[in-house]
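Quick mapping for you: the protein sequence lines, in order, are chains A, B and C.
Position one of the first sequence corresponds to residue 3 (my numbering), numbered consecutively onward.
Position one of the second sequence corresponds to residue 3 (my numbering), numbered consecutively onward.
Position one of the third sequence corresponds to residue 3 (my numbering), numbered consecutively onward.
Just so you know, these hints were derived from the structure itself, not from any lab.
Among these hints, one or two may not hold up.
No copy labels: a pair is met if it fits in one copy or bridges any two.
Said to hold, decoys possible - The calculated DSS-like cross-link candidates involving lysine-lysine, where the alpha carbons are at most 25 Å apart (straight line), are:
#, residue 1, residue 2
1, Lys-174, Lys-23
2, Lys-174, Lys-53
3, Lys-114, Lys-81
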Amino acid sequence: MARIIFITGGARSGKSRLAEKLAESFGGPLCYVATGEARDAEMAERIAAHKARRGETWQTVEEPLNLQEVLREVHGRYKAVLVDCITLWISNLLFRHGTAEAVLNEVRTLIKSLAECQTPIILVSNEVGMGIVPENALARTFRDLAGNANELLAEASDEAYVTFSGIPLKLK
Amino acid sequence: MARIIFITGGARSGKSRLAEKLAESFGGPLCYVATGEARDAEMAERIAAHKARRGETWQTVEEPLNLQEVLREVHGRYKAVLVDCITLWISNLLFRHGTAEAVLNEVRTLIKSLAECQTPIILVSNEVGMGIVPENALARTFRDLAGNANELLAEASDEAYVTFSGIPLKLK
Amino acid sequence: MARIIFITGGARSGKSRLAEKLAESFGGPLCYVATGEARDAEMAERIAAHKARRGETWQTVEEPLNLQEVLREVHGRYKAVLVDCITLWISNLLFRHGTAEAVLNEVRTLIKSLAECQTPIILVSNEVGMGIVPENALARTFRDLAGNANELLAEASDEAYVTFSGIPLKLK
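Produce the entire structure from the sequences given, and follow the hints as far as they go.
What follows is the structure in structure tokens.
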């Protein structure tokens, strides 16, 4: 059974649902690591809707930045850990560090933590590079960074999927 | 032979051409349901180009909102019905109703009509969620809604495809 | 072994890396045709990073517009030619010619040159039509044009791929 699973796809393409299904195949209890923070009503609503969908099997941990530490803390306490989502984490890190290189270093550190952790990990990410090149320079930096991070994380994974209209295609 | 076929993909990725080819495999006469309205010259040109490509086998019906009624009316009169496209229909409905929930209810009603109708139906949709998150709140609502609708419709379909550069990948 | 290979995908999805790997399977020397011009620091940095990644096996030719002439000149001198990327070439041509139809004529001429040239050619393109419809009319024209060009070029190719998070899916 795969230990590190990477899932990418567009907005509302069924990534989280697939991730939850895969996590539940490992049994319970399960840990859901939310990288999104409820900074406004729209965001709070999305988080609440996701939480309501998951049952009692899940414990939710909110961590916008320090995924490595969360992985150390939850290690061995759950049958599987789901991180949702990598793209928001990247966005939080870029906001914090300011440069793409600093963020990619954090991604590389996370990959080392993933290799050490024995618990199955499911990473949910987003494909954000299939639209028109953004006019905004920061959006271009973020788009490139999100793509680079996806490439590094998919390479470090045992299994990878991309979802379309709720249906996964297996990448590896 | 599949009865409900769902096709998604990016702009100009060969979705309509695939849909027409699949519809023509059912014989004729065929019904083309256009959800786009020629509100400006750009749109009128697109509609005319699509129409010119289809031959005499096709009859075109224009309906921006009430797809359920169109399906009732065309029932049994054609070998297959092609709806092009779902994303514009969603956009028209959001403009009319104002809330995502009201639009999703219309999607659920359409799915019931599809289940009752015996004529093969080919639904053309669009993938709009693989770019950068839009700054505009309405665009975000629309993007999420289009994704949710695609997920519901693909689930209700017997066959589904995503197209890239004119080439379909079978999703189910 | 395929002679014309077409690769599409989102920004930073591993297209160039795949293209380089495929080209290197033909042996050396190899020709890299860059359609991007270093008009600003951001662009210069990207070009330098790509160039640094490729080894001594590669010679780089910069040509923003006249790909047909480049193909004539390099003919028979390399084991394979990599064009990176078609989407920038399309953008350069649209800027030069002003209309989509003129650009599509250039694409059709390129396809004839590809058919005559005996050297293996690898074309790197981009998927730009899977985001929200751009508000800007020129961006919409470009997006449609890029999609149409991808469709024509993929059809003329012996092999085609789409990449996600560094992993290729074979289209044909």
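Results for each hint:
When the C-alpha separation of Lys-174 and Lys-23 is checked against a cutoff of 25 Å, the pair qualifies both within a copy, at 18 Å, and between copies, at 18 Å. Neither within a single protomer nor between protomers do Lys-174 and Lys-53 lie at most 25 Å apart by alpha-carbon distance, with minima of 29 Å and 29 Å respectively. In this assembly of identical chains, the alpha carbons of Lys-114 and Lys-81 lie at most 25 Å apart only when taken from the same copy (20 Å versus 39 Å across copies).
The structure fails to meet hint 2 from the earlier list, while all remaining hints are met.
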